[in-house]
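Heads up: the protein sequence lines correspond to chains A and B, in order. Residue numbers for the first sequence follow the working numbering, beginning at 1 and rising by one. Residue numbers for the second sequence follow the working numbering, beginning at 1 and rising by one.
Hint data in this document are derived by calculation from the structure and do not stem from the laboratory. Treat the hints with care, as some may be off.
Claimed, not checked - Here are the simulated SDA-like cross-link-like pairs (lysine to any residue), alpha carbons at most 25 Å apart as the crow flies:
(1) A:LYS101 x B:LEU130
(2) A:LYS101 x B:PRO34
(3) B:LYS135 x B:ASP101
(4) B:LYS135 x A:ASN88
(5) A:LYS101 x B:ILE174
(6) A:LYS101 x B:ARG139
(7) B:LYS135 x A:THR70
(8) A:LYS101 x B:ARG167
(9) B:LYS135 x A:LEU198
(10) A:LYS101 x B:ASN173
(11) A:LYS101 x A:GLY161
(12) A:LYS101 x B:ASP176
(13) A:LYS101 x A:LEU201
(14) B:LYS135 x A:LEU201
(15) A:LYS101 x B:ASN148
(16) A:LYS101 x A:SER67
(17) A:LYS101 x B:ASP77
(18) A:LYS101 x B:ARG125
(19) A:LYS101 x B:ILE165
(20) B:LYS135 x B:GLY169
(21) A:LYS101 x A:TRP162
(22) B:LYS135 x B:ILE165
(23) A:LYS101 x B:SER94
(24) A:LYS101 x B:ASN170
(25) A:LYS101 x B:ASP101
Unchecked claim - Listed next, the stretches of chain A that the computed footprint assigns to chain B, with coverage defined by at least 3 CB atoms under 8 Å from CB atoms of chain B:
(26) 74-87
(27) 112-121
(28) 179-192
Positions of the beta carbon are idealized from the N, C-alpha and C atoms, including for glycine.
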Amino acid sequence: MLITKAILTTRFCLQFSKLLNFLALCSQAVKKFPFYRSLSRWLALSLASFVVACTPTGPQEPAGLNSRYTDEQPALSGDGRYLAFVSNREGSRNILLYDLKSRQYVNLPLLNRRDAIADSPSISNTARYIVYIASDQGRPEVELYDRVTRSIQVLTRGYNGWVRNPSISPDGRYIVFETGRRGQWDIEVIDRGPEIELDRLDGV
Amino acid sequence: MQFKIINRFFYLGAIVLSGTLSSCSVYPRILNFPYDPGGRSLNSPAGDINPQISGRYIVFGSDREGRQDIYLYDNQDRRLIDLPGINALDTIASHPAVSQDGNYIVFCGSREGRTDIYLYNRPTRQLRNLTESLKAEVRNPTISADGNTISFEAGAQGQWNIMVIDRTGNGLNIPDVLR
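Isolated chain A, as found in the complex (with noise of 0.2 Å):
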């Protein structure tokens, strides 16, 4: 893997390397005929501009799924595409989202914070909504991020009582979750209620 890698890098800068040197003689043309010096100027912006966007990262290696660290707490996406785990690499515990369909992470901007642990995942029909539960001021929450807004709720904001393994329905409406609230474990369902997105398979 290291050495396709390597082989990449290295054609992509002889490719580069060509490229200044086409910019090189183009400028040599340029200084020639200064009438064409503005519009060589915008070219080149604009070559720059190309050549920073369509800088090749590669053919997307498929990343392994598993490390050799713990990778615990499986949750599928309704379609089966995505799965949600916690994973202790990377020095820390996080819940991460993998796509098995390209074989790829997914990120995950705003959700794993270094000051909190995050726990039990569980996710939507495509995977839009991730419920958990978070340490969020030393007390576990049921806590809801949204992928496509990139926020976080925390659904048991003011709830008594201890609470554990959070589950979301498919289309994101209900939450399940256990709680201690009668001194054993009970089960508890939150209603998002009728004016969320609901995460539709079609995407409508």
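Fit chain B to the supplied structure of chain A, relying on the hints for placement.
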């Protein structure tokens, strides 16, 4: 004069009352599910654990019958659904998950000192051991809402790793270990 003041207070009270009443319908809110001491509902005097919701179904584990079994609750009809053949006297069942149509339930079953992942087919009432040939400790199974993909943890490599299989028990083609 006094009457007018009382009247004003009445209106004020009415406004406050209506305000608090309408704020009660704010979402997200906790739904009230029936609690039955006889064990015929979602919650019972026994421990009810590991709930998983999929569409109209909530599947969970409970020791309400004096042993740890799997139960399926219908959200819409608000009743427990019979699962003939899923719970055995010699098996500790835990960590269930159900597909959206309620036809497939996966769970962890511990029998004769060995823990395996079982798939229950509700229409045919058949129970299938998905990890019979796997020489590893397994736990925490889950099934996708469409019922086609199953994932669980296996300790085959000396640590917990995640395995993904289809409903027939075949492994999905996923690059495994990244070292």
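Structure-based check of each hint:
no.	hint	result
1	A:LYS101 x B:LEU130	holds (23 Å)
2	A:LYS101 x B:PRO34	violated (41 Å)
3	B:LYS135 x B:ASP101	violated (31 Å)
4	B:LYS135 x A:ASN88	holds (24 Å)
5	A:LYS101 x B:ILE174	holds (9 Å)
6	A:LYS101 x B:ARG139	holds (24 Å)
7	B:LYS135 x A:THR70	holds (18 Å)
8	A:LYS101 x B:ARG167	holds (17 Å)
9	B:LYS135 x A:LEU198	violated (41 Å)
10	A:LYS101 x B:ASN173	holds (10 Å)
11	A:LYS101 x A:GLY161	violated (39 Å)
12	A:LYS101 x B:ASP176	holds (14 Å)
13	A:LYS101 x A:LEU201	holds (15 Å)
14	B:LYS135 x A:LEU201	violated (36 Å)
15	A:LYS101 x B:ASN148	holds (14 Å)
16	A:LYS101 x A:SER67	holds (19 Å)
17	A:LYS101 x B:ASP77	violated (36 Å)
18	A:LYS101 x B:ARG125	violated (32 Å)
19	A:LYS101 x B:ILE165	holds (13 Å)
20	B:LYS135 x B:GLY169	holds (15 Å)
21	A:LYS101 x A:TRP162	violated (37 Å)
22	B:LYS135 x B:ILE165	holds (16 Å)
23	A:LYS101 x B:SER94	violated (29 Å)
24	A:LYS101 x B:ASN170	holds (16 Å)
25	A:LYS101 x B:ASP101	holds (23 Å)
26	74-87	holds (count 9)
27	112-121	violated (count 0)
28	179-192	holds (count 9)
Of the numbered hints stated above, those contradicted by the structure are hints 2, 3, 9, 11, 14, 17, 18, 21, 23, 27, listed in ascending order.
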